[in-house]
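*Asks:* Full structure from sequences and hints, please.
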Amino acid sequence: MSELLLVYTDGASGNKNGKPGGWGVVIVRNPEFEKDQAVAGTVIHQEFGGHPETSNNRMEITALGVGLVRALAMKTPTERIVLVSDSQYALGVCSGQMYAQANKDLIGRFKSRLGQEKVEFRWVKGHNGDRFNEMADELAGIGKENARISKEAASKGG
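Residues 0 to 157 in numbering that gives the first Met the number 0 are what the sequence shown spells out, letter by letter.
Take these hints with a grain of salt, some might be off.
To be verified - Mimicking DSSO-like on lysine-lysine, the simulated pairs with C-alpha atoms at most 30 Å apart in a straight line are:
hint	residue 1	residue 2
1	Lys15	Lys155
2	Lys74	Lys103
3	Lys18	Lys74
4	Lys18	Lys150
Derived from the structure by calculation, the hints contain no laboratory data.
*Replies:* See the structure below:
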């Protein structure tokens, strides 16, 4: 029987393109479930980042890409990777179930990293009490805030 490596990802940005944005990743080993929701497990990795001018969809896809790369480096031979996001768009375009007219550069990089690896894509409703999704959301918010501060400092010449 294979074990699970859950990779929770989230992106955050303003409603318009060109605003600061952030992404967050939380990787959980040996999750325990209640009613199809992971309620416990060992958090083995947390990470965030951001960009001073971006869109929410780009941050969602970036989070999936970073999460995939980190999970591939951490997984054991018996583990299978499950990428979890509250973005139906990001999951759809990265899994190939939706066609994307934008963000093709990020989607292409994601698919090349994925290669022949078998991963599962799972959607969770955002802001609905999923512990690990909320952690990824919080990290994405930190990334967004850091990107905003960096953008302001750059505009002030410092």
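*Asks:* Does each hint hold? Answer for all of them.
*Replies:* Hint-by-hint comparison with the structure:
1. Simply put, Lys15 and Lys155 have alpha-carbon atoms about 22 Å apart, close enough for the 30 Å limit, and the pair holds.
2. Distance hint between Lys74 and Lys103 is fulfilled; the C-alpha atoms sit about 27 Å from each other, no more than 30 Å.
3. Annotation: proposed proximity of Lys18 to Lys74 is violated, straight-line Cα distance about 34 Å (limit 30 Å).
4. For a cut-off of 30 Å, the pair hint linking Lys18 to Lys150 stands: about 10 Å separates their Cα positions.
The structure fails to meet hint 3 from the earlier list, while all remaining hints are met.
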